[in-house]
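Fit chain B to the given chain A structure using the hints.
Here is how the chains run, residue by residue.
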Amino acid sequence: MEIILDERAWCENMLSNFSIGQNPAGTLNRLAKYYYSQGFRRTGISRRLEDFILRCNPSANMMRWQEIVDSCTNQADRRPLIYIEAVYVTQAELDLIAGLSGRMIQKLMFTLICLARYRNLINPRNDSWVGYDCKDIFKMANVQTTRARQFALINDLIQLGLLQTNRVVDNVSVRVACINDQSEAVMGVTDFRNLGNQYCNHVSGGYIECEHCGLTIKSNSSAQKYCKDCANAMKRSWHSNSSCFGDGVA
Amino acid sequence: MAKQQAPHRYIFKIHSTRLRKSKWNLTLTLSDARRNDEMIALNDSQMIRWIDEIRGVTGLAEDVDSLKRRIRALRRESSTLQNRREIKRLYAELDQKQFIPDYIHLIIDKNSDYLRACNGFTVNGITYTRLLGTSGGVKLSTIVFVNAELAPELRKRVNNGRNEEVEQIPAKFEAYRALTCSGSIPVSMPRGILIVPDCETHFSEDVIMLNDEGHEEPVMEIIKDYEVTLNASDGFGLMLPSLAERWSHDLHLDYVVSGVNTRFAWEKGMVFCFDFIAFADQVAGNYMVKDAWGAEVDIREVELILTTSMVKLWASYESAEHYFRCCEENHYSFGIAKTSPRVLDDYRALNYQFIQSYNLTDAQIDELIKPTVDEIMDVVNGDYRQAMLFLGATNLTEETVEQQLGRTQLLDALMVNPDAFNDPYIKKSLYQLVEARINRAKIGVLDVHGNYSIVSGDPYALCQNIFGLEVTGLLNAGQIYNKYWVDDGAKDVACFRAPMSTHENIRRLHVTHDEQIDYWYQYIRTCSILNAWDTTTAALNGCDFDGDLLFITDNKVLVENIRPTLTVMCVQRKGKKCIPQEEDLVKANIASFGDDIGKTTNWITSMYDVMARYPAGSDERKALEFRIISGQLFQQNAIDKAKGIVCKPMPRTWYDYHANAIGKEPTEDDIRRREFYLSILADKKPYFMRYIYPDLMKQYNTYITNTNAKCSMLFRMTVDELQAIPDDRLTEEQRQFLHYYYERMPVSTADSVMNRICRRIEDALSVDLKTYIRGSSFNHEMLKQDTEYVASQKLQILQLYKQYKQSMKEIMSKATTSSEDDEKKRNAQEMLRRQFRIDSLSVCSDAQQLCSIMVDLCYTKESSKRFVWDICGSEMLDNLFRAGGSRLTYPAKEPDGELHFRGQRYTMVTKECGI
Chain A
5 MEIILDERAW CENMLSNFSI GQNPAGTLNR LAKYYYSQGF RRTGISRRLE DFILRCNPSA
65 NMMRWQEIVD SCTNQADRRP LIYIEAVYVT QAELDLIAGL SGRMIQKLMF TLICLARYRN
125 LINPRNDSWV GYDCKDIFKM ANVQTTRARQ FALINDLIQL GLLQTNRVVD NVSVRVACIN
185 DQSEAVMGVT DFRNLGNQYC NHVSGGYIEC EHCGLTIKSN SSAQKYCKDC ANAMKRSWHS
245 NSSCFGDGVA
Chain B
23 MAKQQAPHRY IFKIHSTRLR KSKWNLTLTL SDARRNDEMI ALNDSQMIRW IDEIRGVTGL
83 AEDVDSLKRR IRALRRESST LQNRREIKRL YAELDQKQFI PDYIHLIIDK NSDYLRACNG
143 FTVNGITYTR LLGTSGGVKL STIVFVNAEL APELRKRVNN GRNEEVEQIP AKFEAYRALT
203 CSGSIPVSMP RGILIVPDCE THFSEDVIML NDEGHEEPVM EIIKDYEVTL NASDGFGLML
263 PSLAERWSHD LHLDYVVSGV NTRFAWEKGM VFCFDFIAFA DQVAGNYMVK DAWGAEVDIR
323 EVELILTTSM VKLWASYESA EHYFRCCEEN HYSFGIAKTS PRVLDDYRAL NYQFIQSYNL
383 TDAQIDELIK PTVDEIMDVV NGDYRQAMLF LGATNLTEET VEQQLGRTQL LDALMVNPDA
443 FNDPYIKKSL YQLVEARINR AKIGVLDVHG NYSIVSGDPY ALCQNIFGLE VTGLLNAGQI
503 YNKYWVDDGA KDVACFRAPM STHENIRRLH VTHDEQIDYW YQYIRTCSIL NAWDTTTAAL
563 NGCDFDGDLL FITDNKVLVE NIRPTLTVMC VQRKGKKCIP QEEDLVKANI ASFGDDIGKT
623 TNWITSMYDV MARYPAGSDE RKALEFRIIS GQLFQQNAID KAKGIVCKPM PRTWYDYHAN
683 AIGKEPTEDD IRRREFYLSI LADKKPYFMR YIYPDLMKQY NTYITNTNAK CSMLFRMTVD
743 ELQAIPDDRL TEEQRQFLHY YYERMPVSTA DSVMNRICRR IEDALSVDLK TYIRGSSFNH
803 EMLKQDTEYV ASQKLQILQL YKQYKQSMKE IMSKATTSSE DDEKKRNAQE MLRRQFRIDS
863 LSVCSDAQQL CSIMVDLCYT KESSKRFVWD ICGSEMLDNL FRAGGSRLTY PAKEPDGELH
923 FRGQRYTMVT KECGI
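So the sequences go chain by chain: A and B. In terms of our numbering, the first sequence opens at residue 5 and continues consecutively. In terms of our numbering, the second sequence opens at residue 23 and continues consecutively.
Here chain B stands alone, though its shape is the one from the complex:
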């Protein structure tokens, strides 16, 4: 994948409460913001490029590099007052370069705060005004504000001269405006861009139709030969191989991309590499095509084809010429947000959503979990070579090994000096990773032979449509093309796309290729191509081609156990259109705050657990099957909420005990219905989910402790001992206790597939990792050089060390319940590390001297060693490298190698390096 070339930029990210308390006029220094977790790193985007341009910022990357080089040089010199001051000054200058004061993220704690903030607020003397809310941001109640001075110009550029009389759905319109803020790398302008209408195909297929309009519960209906209209080019376009090559060069990639995710004015989508000029030559026999406005264009003058589903507001422009003229006037540059990889992975991990709907036997579960269990056990057994493979050293060669350095500190340490395996910090960090991996395995993160790939529609079919030919495509219904799986020889593969809920969302597709396919798709090496003649996209929970990822595996258990199902189609709704004003956009933001998708998905997962309690064919099971299928509709509704569409949430009677209350004079039917509903109530998260939610884990552990205490108080035995007593020998009181013990359990412990996987992993990997951490001797002298230092410096560093430990403890003590939380934590840690690095170098600017102080502080006691690795990691790696004889040791692929990892064999190789 392409890496950001522009240096990271930093912005403030502040809670509205903080502003409210400061009476909407806050003063905040950069170092305070870093300590308070009020600063985030931001990738380059069109918006940042505009702000830089308006502010006259040029040559930033060179300036930042130069400053960093100067800091590195000073770190190698002795620690003098002058050097320390200079380092501090350089860091301040670096901050000034990288920090963007004109752009701020505001986290809205209260809706009233948002309305107040829209009237403007001040931070460090700059007045801010609302710009927009990004799609990802509004889910987390975060809005972008910008310097009021720049706002009119930025708004003008975002608007890009569109016809403002054209009606829009406010929430969608806001999402389109926010495309200017999404991270992208600028690339050269294509020589000729064509915007064409989308390619639609029509066919009939049996489907399950779900409709929740006008009903308390959705209505499910099987429709035979349903007339399907498919947008076979939804979100993708085409680029010539010459453009792919040029952009790959622009992105500093050492391969030619199969597809890239682009950003331009009102534009988002994938473009895949396809030789449409050759198509014109060999298939169409004609070079003239019509664009979306009906104008004739010579295809030979085009390098990039976009579809109308990519250029969201194409209808707001009079012509292509008008659109591109506006783009030029408003200084839009073509940006790349994502690229297809050079090669696809051989092994990737599943997640529980992919597995939960399967009906698997214990033997099949064992087969599915075996590679994961084996991989973890190999590391647990204490072999540093397996540890290196576990840490990701799976594709190293003599040429690439040095490029790997600097990516993972743990792996670097082991490569430069295998003795580092006995370093208590390395060992502890490694086993923390293993522990986290074990816990992830318990929630269904299981390694299988498979990979994620960007999905495309059939480019051949799109070309046929562009040239006005009959659309046939190269793939038939039920077929998929992916070069990796063609080369692998797989016949049938299982396809998944998250978020998914029902078995109907899994598709078994046939991998196909022939001479013609191989020729036309020759440039699409690492993406998957779906056919244009079946409902796979709808089955994959509304997949489109604007960068969506598909998980594909040929795992025997997963492919052979797919049950044939019909595609679930949900009644589509559209939001209300208007000419959007600022108030409409603010209202749309407020309506979209929060994210219900996770909640809805969890209720569906709970239903699988309840379903496991009932035999196949029972009324309860049938009712739950219906509810699970309907889950897709409610998931869709939760997604639509962000698009400004008012939809029904899942009926509360399905998951909330109290919602099933009946009136004072219930009929017999009411009572019967309530009883039935309560018997299939999905009000508890499944047992395995306690490894996802720390709160649930705490609740479960407290429950187990308290029930054991209560049982001991009442019966002088633990719950396990009570459970072991045969039922006929239990007293009435004991029987009641056990009944309520199961009833009040905070998690559902039924034998669903996921709970069974979780329990089997618990049994298979019940190792005490702490025993592996203890008891190895390590000479920490190899981490430092023989440099002397003054005691007063050590004392000052000690103070910083204490502050660092306290700050890290505060960050780590916050429970994480989502990947956003993890991301937030990582950002907070990174900001803190940077601040402490600056503070430490202000005490001692000689990095090796600082390293010696810190090693002496951290390694002579049983205390955290993370401080020294965070601040002086590179110096310690240098010292380890010298102590290890200046060579790199790594596992390399070898057919007869002694090490096994994910189906490959490896042997250890040593590469001598000069200092």
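The shape of chain A in the complex, shown without the other chains:
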């Protein structure tokens, strides 16, 4: 699951890199909205999506993509492109989080508040409900623990009255009951990856932002600049460059 605050910039990036991403349906959906916002209508959107697929994978079988392209084209006008400068967390909310005992539960609460505020911005009638999969929430919160412990943490927050659930037995959405708009916004979140790390960095420091992708990671040394993935990618790129010139020609 990927939360994107500026879908226009994200789409332009995907288009320039010819990357369809891990979730092709999600990418095509956003691109359809992007083209719609540029004034294209069904035929134009559909043709551009097909072009994009072929650019990403020239051997793609367009017949097999037809259904998904049609569905994305038909839904292009349903919702506008998302543009959110930042999701802000207020001082009162941070105080409330700080009052919880344990770093895990704090990171979880912070993540849920960010998600609730994000959903509220997209849909003003959302009323602070968060319906994401638990696995994704805990991944964003940088909380690695057993599934049983994850539910126990949520149960703790329910018992404290900070979360509410609905009565439907198979609906795992929770309502964040501690959103406080009266207090001053003190922390702006622009990246929904590693929200738990961002909270820890805000509270106690010791984290850095990857200079390449902006991901907040724990700093292991003062020389560290990049996250693991970016560092590996760079190493690979250096190797391929050096092998080109490795015979001393350069």
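Do not rely on the hints blindly, as some may be mistaken.
What the hints assert, rightly or not - Capping the alpha-carbon separation at 25 Å, the derived lysine-lysine pairs in PhoX-like fashion look like this:
no., chain 1, residue 1, chain 2, residue 2
1, B, Lys644, B, Lys665
2, B, Lys665, A, Lys139
3, A, Lys143, B, Lys670
4, B, Lys665, B, Lys621
Stated by the list, open to error - With beta-carbon atoms standing in for the labels, derived distance ranges:
no., chain 1, residue 1, chain 2, residue 2, range
5, A, Ser63, B, Leu791, 29 to 39 Å
6, A, His243, B, Asp54, 39 to 49 Å
7, B, Asp785, A, His243, 54 to 64 Å
Honestly, the hints are just simulated from the structure, not real lab data. Cβ atoms here follow ideal geometry from the backbone N, Cα and C, with glycine treated the same way.
Chain B alone, transformed into the frame defined by chain A:
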């Protein structure tokens, strides 16, 4: 059964959306069509034979064989540019021979598309026009279009000079026209054909009459001594043993058939082998009979007798002579669509429809499932010999073992080299089959001693009718004749016919024979003969004799637990007749699009589940029993929809919660009725059905995951743990949770027979098959020869391999919910395999070299090995055969054999073969 002798033909099968998007003018290459799943293989039919004749196509089978031989020869030569080009050219020529550009199937996505398509469209420069919709096709919204150039001639031939002033029911008429498109093998013309009136019998029997005319819900009435008129020859005729012999020879069969399913002009039905000349000699003492038009015919000049129920439009002709003259003018040939088998199976699988209406105890269920569970466990235990039996090597002898080769790749591999059992691909494929078998067992596909056979009416009774004698037949009410069961010594058997819904559809019949029966039915060795004096055909959900199959078993549990019931008769309706024009036929097609039979059958199955919640004798149970019996009427109505008859569907209040809403000011009666209706609402599919419908399985699994998550969030325990708490110790909130947990469950988990069978199979076969696949060592070098190849070829094949994996993934990712989907998937895979075979041989034409490349690509990594088995399967089998010492190992029947399978004992035998 007879095999198609003409080579497979290929046609385009295109969605109307695709045409619409291309503005009804599409350009499509054969290779693109194969990749896009827009091409299907077609069997030979009268229509194909006509198109070939008009186009002057002759000697196709020889040409195709010759091309295939040349390709095979080139595959054995070294891979040179010239050879690769030649192979590509030969494949293109093969395509050109097998592809029929004049005939196309169009899948209608929107009714408006259909109306537009009827105005004509173009594919690759050919303009197409509507020809007809076949019965099977219209259920799947598929219509046959043909080249506009050929259409007038084809329509003329289909019409066959009939009297066009005779009124017809459009939907039925369309189905009769479509008989020209059904797959058939041409055979020689019989020497003398007689068309006779059907044989009707009259008797009285107590029946349940269902009538839904003028009522919201059907009315059920038991009628004592109801006067029944039975068409005892509905859909069947007779052939002389000499004709049976000649046709068996035409069909290249090594036995003489008991019956064949024929196709001719407006004709469809079974003809069974019966010596009617001997009947004339010994019983009638007269050779002159009257045909359907009243003309006198000498029976000695006849080899084949058809009944008027077989020749659908016989009344549109002035005489038999007129009909046959038209057939000749329009180049009709006699075709065989189906033949009776040489022998009947000893074991066949039941399906849930046959079992669901029984009241069985747990012990009886255990007895019923035991053979299936034992058979599966034997394979799971990892014995390659049991695996061979599981794969179908149950009737092999030294003479027949080599004929078996080439039918099942897995079995071939094990027979040529038992070491292949450790091949990861073989093992994985085998366990996938086992897994599929386990899942099928969970939906009631249980092996029992029984078989399917083609059903016939009493031919003796038909002969009596033909010769104007009093019709008595040789079988009495409640009796059945089937040589297999006579030889088996069975006294009573249970008879089933799909689709069925109620217990009233199951018949217990007495197997009978005497000297006279044995004499007159001597040629009918593998078909069942029903008597002409009871309502068995009506009980078997409207069975007729035009090729219907009957499942017969002597399984103790199934025979002894049949409850005696009356036959359910439904009020018959007929469609409106008119002189059908093209618009009427198009309208009839549109009205028949879609198939509600499955839906109706599923609602009835759900009712069995709801019924299991209530005790016998309760009002709820009685109401559900009535609804289940009425289900037969609605099933019949769904079938009649395709015949152009407007019928009522099942009342929505029976299966839809929202349909039970009451007005703003309901009376007490309204409220009481609603409550009662909701208590017996069949709105959920039963638990076992999740193994049939992938969507339902996903829904169920998501529900279980989410409810467990919610339960853990609320109570710090899983649903199972919550259920284990005694009721008096539950909090109000927990009790409510459990209440809604059951209420919102997407499947019904009541203790119906089928759910109980499913759970017992789940318990008995809860094995982790993955553990059996892992951990065996296999030397893949035995799959290839020591041939060298160039790295660039390997790279090109690697690209194809990646494309192949992607394409297969796309096909497999589509969920299957019906046998049609499975068929579609299989066709798509076959088309893709063919295309990749051509592409691979264009890279490397030496098949053994290609095999080595592919084995190296697929077997050195943990990736899919299916590519190499699909493209170079025969080469790998050759290599395995050589590595295994050029011998075949197979299980053969042996009274003291060490292997047990389906009540037989086997021992392993080895046959040395020369290379």
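How the hints compare with the structure:
no. : hint                            : verdict
1   : B:Lys644 - B:Lys665             : violated (33 Å)
2   : B:Lys665 - A:Lys139             : violated (53 Å)
3   : A:Lys143 - B:Lys670             : violated (54 Å)
4   : B:Lys665 - B:Lys621             : holds (18 Å)
5   : A:Ser63 - B:Leu791: 29 to 39 Å  : holds (34 Å)
6   : A:His243 - B:Asp54: 39 to 49 Å  : holds (40 Å)
7   : B:Asp785 - A:His243: 54 to 64 Å : holds (55 Å)
Checked against the numbered hints given earlier, this structure breaks hints 1, 2 and 3; the rest are met.
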